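Protein chains in written order, with my numbering: chain X, 13 to 338; chain Y, 25 to 343.
Don't take every hint at face value.
[To be verified] No farther apart than 27 Å at their CA atoms in a straight line, the calculated lysine-lysine pairs in the DSSO-like style are these:
no. : chain 1 : residue 1 : chain 2 : residue 2
1   : Y       : 118       : X       : 123
2   : Y       : 158       : X       : 172
3   : Y       : 278       : Y       : 213
4   : Y       : 51        : Y       : 327
5   : Y       : 50        : Y       : 213
6   : Y       : 112       : X       : 123
7   : Y       : 31        : Y       : 294
8   : Y       : 113       : X       : 123
9   : Y       : 158       : Y       : 243
10  : X       : 267       : X       : 240
11  : X       : 240       : X       : 321
12  : X       : 123       : Y       : 51
13  : X       : 123       : X       : 195
14  : X       : 14        : X       : 52
15  : X       : 266       : X       : 240
16  : Y       : 294       : Y       : 243
17  : Y       : 294       : Y       : 240
18  : Y       : 50        : Y       : 287
19  : Y       : 286       : Y       : 213
20  : X       : 123       : Y       : 31
21  : Y       : 118       : X       : 172
[Unchecked claim] Beta-carbon label-pair distances, calculated as ranges:
no. : chain 1 : residue 1 : chain 2 : residue 2 : range
22  : Y       : 61        : X       : 42        : 36 to 46 Å
23  : X       : 47        : Y       : 285       : 49 to 59 Å
24  : X       : 290       : Y       : 246       : 52 to 62 Å
25  : Y       : 327       : X       : 154       : 24 to 34 Å
26  : X       : 34        : Y       : 298       : 51 to 61 Å
Don't read these hints as lab results, they were simulated from the structure. A quick note: this is a predicted structure, and the numbers were derived from the prediction, not measured. From the three backbone atoms N, C-alpha and C, an ideal C-beta is built for every residue, glycine too.
The primary structure of each chain is shown beneath.
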Amino acid sequence: MKILTYREAIIEALREEMERDPSIFIMGEDIGEHWQGSVKEFEGLWPQFGSERIRETPISETAILGCAVGAAMTGMRPIANIMFAAFLGVPMDEIFSQLTKMRYMFGGKTKMPVTIMCLSGGGMGAAAQHSVCLEGMLMSIPGLKLVSPSTPYDAKGLLKSAIRDDNPVVFFQNLFLTVSGFKGEVPDGEYTIPLGEAIVKREGDDVTVVAIGSRVHTALSAATRLEKENISVEVIDPRCMVPLDEKTIIDSVKKTGKLVILDEEPKTGSAASEIAAIIAEKAIEYLDAPIKRVCAPNTPVPFSPVLEKYWMPDEEDLITAVKIVI
Amino acid sequence: MELSKEKLLEMFKRMVLIRQFETRVKKSFADGDIPGFIHLSVGQEAIAVGSIFNLRDDDYIVSHHRGHGHLIAKGGDINFMMAELYGKKTGYCKGKGGSMHLADFNHYMLGAHGIVGSTVTIATGAGLSAKLRKSNQVTLSFLGDGASNTGRFHEGLNLAAIWDLPIVYIIENNFYAESTHISYSARVKNLSERAVAYGIPGETINSNDVLEIYEKVGKAINRARNGEGPSLIECQTYRHFGHEEGDMETYKKKIDIEIWMKKDPIKIFKERLIKEGILTEVEEERISEEMKNKVEEAVKFAKDSPYPDPEETLEDVYA
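The task is simple: from the sequences and hints, build the whole structure.
Okay, structure coming up:
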């Protein structure tokens, strides 16, 4: 084992995969010689692989995604970098009318091995157009897979699987975990983590907390505090919203009888809402309290630190919700 | 440009096949046998054949909603095409795509796409892929006059230009984006003038003449294959029918119809071939009959084919 930052683990995954498979290349803005990623999330790749495979683009998100579609259909395995998750709005047609529909509408004739990378989430004072999480919105698009890693270990193992997957995968690289230098253990050798396997981060008996992305760490911190009040919290990180490991969540709910979901998205149409619906549909008989969704309010992300703190679903919000259902 | 008699006749036959296919589809749609939306390319056959007959088998084309002719020109099987239009299991896309989404990867035809403008960036990606794989393949991107007003046109051509990608963008300017005339939606006289913005060659062909298209697109293809980058070619043309079947075409001007009916690409090619002693009226009638019979066989194949099982709805979402 070694200790890597979240950012370093992601770079290591990219490097190893690009060394392994010459059909992989990355397209994006400011990923080349000078910046090597807007927060150095591709540092060291351009010096090693050069401008052909670390392909810097003009500010053309639509063309980046459109090109990825055309390249994926013709034998390449492109990684399309869209910098910030909020910028996915620009090439959204490429995502929901092309990338995810072509295989289906062509009767299975083509595969679409595209990985979309983007920086996701708030907490950085980056305001409404650079801070969003989009898991809930993108979950409604059949054909897409969604990865939201919360640790360096998961980030590396899941990114490698995402790149090798023959379907389009959106890899949400958490912005806060990237720039804060968040560290964790990563094995020395080769490993991958299958898409669609949740991980139980902490076992508990009284309540199941499902948390997504950076909120996993918020949930773990809350669980430690609640333990002191004799409330035993089981924390689950789904890691992928699509495919979603429903079984791990349902098994946990069978044990605890209570479910709280912590998600950094406005509540309406959030990933938390979909998880709540699934559990209500498939496991309501095991519940002995209402499901609680701890989400952001239905507003854009505000700028001022005071406002953003109020907006962000945090430890206090989670603890309050847990105590309501207990 | 020297083309053999055999090749000229093959081009003529293919144009006639496209016209017969489209004309028969019009009837099947009117009869209620084909569901959905149908966009016919009658009048535009010279562009499909003139461009595509320059290609190697492994060169790519990316097609749009008015794309039946492109696939026929590329060598597609009209039985599978017709079956797809009828929504049958034996169709090119197993009944999941229909008229607007025909795709034939065995013929390097990367699908027809119903979002106007999307073919530009998809083709750019295919061109990038060919360049990265050093395969020396060229990609033809077909788009309409309407698509040349979308943002993708700008982003896609710019990217292809800065990376010298082996692509020829072919605007089939039939003057109407649905009901909107290009004189309303663009200030430039010729859409090929837009090439200047990307530092690439641009050319307009207004003859609807398959041989002129063959020659000029051929030069652009050679340029692309030699690593000299993309080109933009505008082929002015006219669709004899509406935007889609059912369109009453109230927006069309009588004078334009008169002008462009004289430039019917099959008519002018036929007259030329007869004048040059390559074709006779009798042979032309025989070719027409032969193509008509092929299309009738395709209709029979489509009608006799089974529908997909309803449960197939759930297949082909993920690989």
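Checklist line | Hint check against the structure, violated hint numbers in rising order | finding: 5, 12, 13, 20, 21
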